[in-house]
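Engineer: Since the structure of chain A is already known, use the hints to place chain B on it.
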Amino acid sequence: VLPVQHARADVNFRRAGLPSKLQELLTVYGILRSGLERAMYEDEPPPFLGSWPRVYTAVLAYLAILILILYAVTRFLTY
Amino acid sequence: MRTLDWVVLFAWLISLVSYGLYRGRGSNTVSKYLLAGKSMPWYAMGLSILATQASAITFISTTGQGYVDGMRFAQFYFGLPIAMVILSATAVPIFHRAKVYTAYEYLEQRFDAKTRALASAIFLIQRGLAAGIGLYAPAVALSGVLGWNDRWITVMIGALVVVYTTSGGIKALTWADVQQMSMIFVALVASLAIALRALPHNVSFVDALHLAGAAGRLTIVDTHFDLSNRYNLWSGLIGGAFLALAYFGCDQSQVQRYLTGKSVAASRLSLIFTAAVKIPMQLFILFIGAMVFVLSLFVPAPMIFHPLEAARAQKTAAWTPAQAEYQRSFEERRRAAYQFARNETPEALSTFRQSQKNFDLARERGLHIVGNRFDDTNYIFLSFVKTYLPVGLVGLVIGVIFSASMGSTSGEINSLATVSVVDIYRRYIARDRDDRHYLIASRFLTVFWGAFAVGFAALGARGFGALIERVNIVGSLFYGGLLGVFVLAFFCKRVDGTSAFWGVLAGEAAIFSAALFTSVSFLWYNVIGCLVVVAVGLLLAAFRPAASRCPPSIDDLL
Numbered sequence: 001v002l003p004v005q006h007a008r009a010d011v012n013f014r015r016a017g018l019p020s021k022l023q024e025l026l027t028v029y030g031i032l033r034s035g036l037e038r039a040m041y042e043d044e045p046p047p048f049l050g051s052w053p054r055v056y057t058a059v060l061a062y063l064a065i066l067i068l069i070l071y072a073v074t075r076f077l078t079y
Numbered sequence: 001m002r003t004l005d006w007v008v009l010f011a012w013l014i015s016l017v018s019y020g021l022y023r024g025r026g027s028n029t030v031s032k033y034l035l036a037g038k039s040m041p042w043y044a045m046g047l048s049i050l051a052t053q054a055s056a057i058t059f060i061s062t063t064g065q066g067y068v069d070g071m072r073f074a075q076f077y078f079g080l081p082i083a084m085v086i087l088s089a090t091a092v093p094i095f096h097r098a099k100v101y102t103a104y105e106y107l108e109q110r111f112d113a114k115t116r117a118l119a120s121a122i123f124l125i126q127r128g129l130a131a132g133i134g135l136y137a138p139a140v141a142l143s144g145v146l147g148w149n150d151r152w153i154t155v156m157i158g159a160l161v162v163v164y165t166t167s168g169g170i171k172a173l174t175w176a177d178v179q180q181m182s183m184i185f186v187a188l189v190a191s192l193a194i195a196l197r198a199l200p201h202n203v204s205f206v207d208a209l210h211l212a213g214a215a216g217r218l219t220i221v222d223t224h225f226d227l228s229n230r231y232n233l234w235s236g237l238i239g240g241a242f243l244a245l246a247y248f249g250c251d252q253s254q255v256q257r258y259l260t261g262k263s264v265a266a267s268r269l270s271l272i273f274t275a276a277v278k279i280p281m282q283l284f285i286l287f288i289g290a291m292v293f294v295l296s297l298f299v300p301a302p303m304i305f306h307p308l309e310a311a312r313a314q315k316t317a318a319w320t321p322a323q324a325e326y327q328r329s330f331e332e333r334r335r336a337a338y339q340f341a342r343n344e345t346p347e348a349l350s351t352f353r354q355s356q357k358n359f360d361l362a363r364e365r366g367l368h369i370v371g372n373r374f375d376d377t378n379y380i381f382l383s384f385v386k387t388y389l390p391v392g393l394v395g396l397v398i399g400v401i402f403s404a405s406m407g408s409t410s411g412e413i414n415s416l417a418t419v420s421v422v423d424i425y426r427r428y429i430a431r432d433r434d435d436r437h438y439l440i441a442s443r444f445l446t447v448f449w450g451a452f453a454v455g456f457a458a459l460g461a462r463g464f465g466a467l468i469e470r471v472n473i474v475g476s477l478f479y480g481g482l483l484g485v486f487v488l489a490f491f492c493k494r495v496d497g498t499s500a501f502w503g504v505l506a507g508e509a510a511i512f513s514a515a516l517f518t519s520v521s522f523l524w525y526n527v528i529g530c531l532v533v534v535a536v537g538l539l540l541a542a543f544r545p546a547a548s549r550c551p552p553s554i555d556d557l558l
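Protein chains in written order, with the numbering used here: chain A, 1 to 79; chain B, 1 to 558.
In short, the hints are calculated from the structure, not lab data.
Ideal Cβ positions, reconstructed from N, Cα and C, are used throughout, including at glycine.
Warning: the hint list may mix true and false statements.
Per the computed footprint, the stretches of chain B lying under chain A, defined by three or more beta-carbons under 8 Å from a beta-carbon of chain A, are [said to hold, decoys possible]: (1) 70-82; (2) 206-216; (3) 256-266; (4) 271-277.
Keeping only pairs whose Cα atoms sit at most 25 Å apart, straight-line, the calculated SDA-like set for lysine to any residue is [stated by the list, open to error]: (5) B/278 <-> A/23; (6) B/262 <-> A/48; (7) B/262 <-> A/44; (8) B/278 <-> A/60; (9) B/357 <-> A/76; (10) B/262 <-> A/47; (11) B/278 <-> A/78; (12) B/38 <-> A/51; (13) B/357 <-> B/372; (14) B/278 <-> A/77; (15) B/99 <-> A/26; (16) B/99 <-> A/44; (17) B/278 <-> A/74; (18) B/262 <-> A/50; (19) B/38 <-> B/426; (20) B/99 <-> A/27; (21) B/493 <-> A/23; (22) B/278 <-> A/71; (23) B/99 <-> A/46; (24) B/99 <-> B/490; (25) B/278 <-> A/70.
So here's chain A without its partners, still in its complex pose (with noise of 0.2 Å):
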């Protein structure tokens, strides 16, 4: 997450050429629905392993062992 102040010079930077009342607004509005949303969509921990990317890792290890042990089964069966 980058630093407010660096966050601000980023936003300030896009929004050169608008009146400056509606930079004031655009800045508040958007800090306020960042955190918001942030708080909403991006933070929800999942219930186990800690985070989404442990998550998501565990999910292909666990598709990669499954091809592997059918692959193993597929040459011992298969004749």
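Structural biologist: Positioned in the frame of chain A, the structure of chain B alone reads:
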């Protein structure tokens, strides 16, 4: 079916519909009717997603595939967990944040109205056809078991589905699916246990595995890369991942399921749950088919599994010699199977395989009495159910097949109604009406799509071979284009609506060309379509002036 089977069948259907209606009460706003008021827990969504796919086709056709072709069809699902991970990380938070009813509504936010309308139209055509095929499957089941006309059965099931879907909305469907999935697991375990118990006493479970393996029924993973081979590891991983991405990320019948979640985490968990359970579940169903095949090595199975067609064929002159040859080749194969089970020598293996080839030829000749392209794969499991399952359990399994079809069809017509109302009716025909108006429209369109599915099933879906393949082939003709436009929407910020629109049309043209003029397997259609959409979209966007691209959104400004 005996009296107890009928009692169990109707008791199950009544309890399923009643439970769905009870849980779906209070769906009196559009949000509650179409998205369950975003209140569903993850396990209900996950089971509902599984149930939508575990249609009657899964029971009837997948077991038949396991019997005829072995378990290699499982590779088709290898890409699914990869797709689930990608969608959990991308589509789920995006759709939640966009606060949309349909996936296509998001396309207007991101691109423009014509791209949304095109994607909605593609969905309505594709899913409308698939709903008809899905509804036809249980009609096949009951016509085989009861000897009734499958058209009348289609109409009867369709009417039941429409009543239950129209009144309860998606909440009713989801909870009914949860109940249905529990019973599906019970029916599957019971079917496998009975197939194994019916094997001769001197044939062990290990012998059964070796016999299935010798006949090629346990070849699950095929590592050879071949574009024209329908099921191998690579088509499963790559093509299957693209198909699953399109199915779960762009098909409203699935997207709507996880949009009912009360949070992003709940929706993500429902997809992760599907990723974990789907492959083992398909393997289990295919394994039942493989074990029913082993059983048929020792106990005679009908030469033609479709009872009505078999009865017709018996009246022809060709029947008696064909049946005699079939019986002789069965005895030859049974001896070879016993010999191989006792002693797994190369000679015994060779004899068994040759006898299997002779048997297949004899059965093929029997099928030709009905017609050159006649395929009775979808009747194999039903024949097993009728012959081996005890009284009461037959009714339950038939009831589960019935309800599986009702669950998936109701989900499909609910999503078709949602897209028709949200993306077409509310967008183009009747804007700015009150909530009650759109609720009534949703119910009316649910009835309309139910009637369409029944009409297509009764008139157009006859004569299909393995139904599950047909559903996936129909889907693959359209999914690549849909997936491509969502990839552009999520990941290519410089692409505008017009470029995406023409990209989708180019992608669909590429898919239909591949289907009509090449022998490329249908699993690759999604890859081809998606890549063409993305390439054409990016190319057109590069040549279009910056001013013609989308105006900056509030998100761009923020």
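Engineer: Please go over all the hints and tell whether each is borne out by the structure.
Structural biologist: Tested hints:
1. 70-82: Result for this restraint: holds, n = 4.
2. 206-216: holds (count 6)
3. 256-266: holds (count 3)
4. 271-277: Our answer is that it holds, as 3 residues pass the Cβ test (under 8 Å) against chain A, meeting three.
5. B/278 <-> A/23: Cα-Cα ~50 Å, so violated.
6. B/262 <-> A/48: holds (18 Å)
7. B/262 <-> A/44: holds (12 Å)
8. B/278 <-> A/60: holds (14 Å)
9. B/357 <-> A/76: holds (22 Å)
10. B/262 <-> A/47: holds (15 Å)
11. B/278 <-> A/78: holds (24 Å)
12. B/38 <-> A/51: holds (23 Å)
13. B/357 <-> B/372: holds (19 Å)
14. B/278 <-> A/77: Holds. Residue 278 of chain B to residue 77 of chain A sits at ~23 Å (cutoff 25 Å).
15. B/99 <-> A/26: Roughly 21 Å between the alpha carbons, so the hint for residue 99 of chain B and residue 26 of chain A holds.
16. B/99 <-> A/44: holds (17 Å)
17. B/278 <-> A/74: holds (20 Å)
18. B/262 <-> A/50: holds (20 Å)
19. B/38 <-> B/426: Holds. Residue 38 of chain B to residue 426 of chain B sits at ~21 Å (cutoff 25 Å).
20. B/99 <-> A/27: holds (22 Å)
21. B/493 <-> A/23: holds (23 Å)
22. B/278 <-> A/71: At roughly 18 Å apart (the allowed maximum being 25 Å), residue 71 of chain A and residue 278 of chain B satisfy the hint.
23. B/99 <-> A/46: holds (22 Å)
24. B/99 <-> B/490: Within the cut-off at roughly 16 Å; holds.
25. B/278 <-> A/70: Holds, at roughly 15 Å.
Hint 5 alone, counting from the list given before, is not met by this structure.
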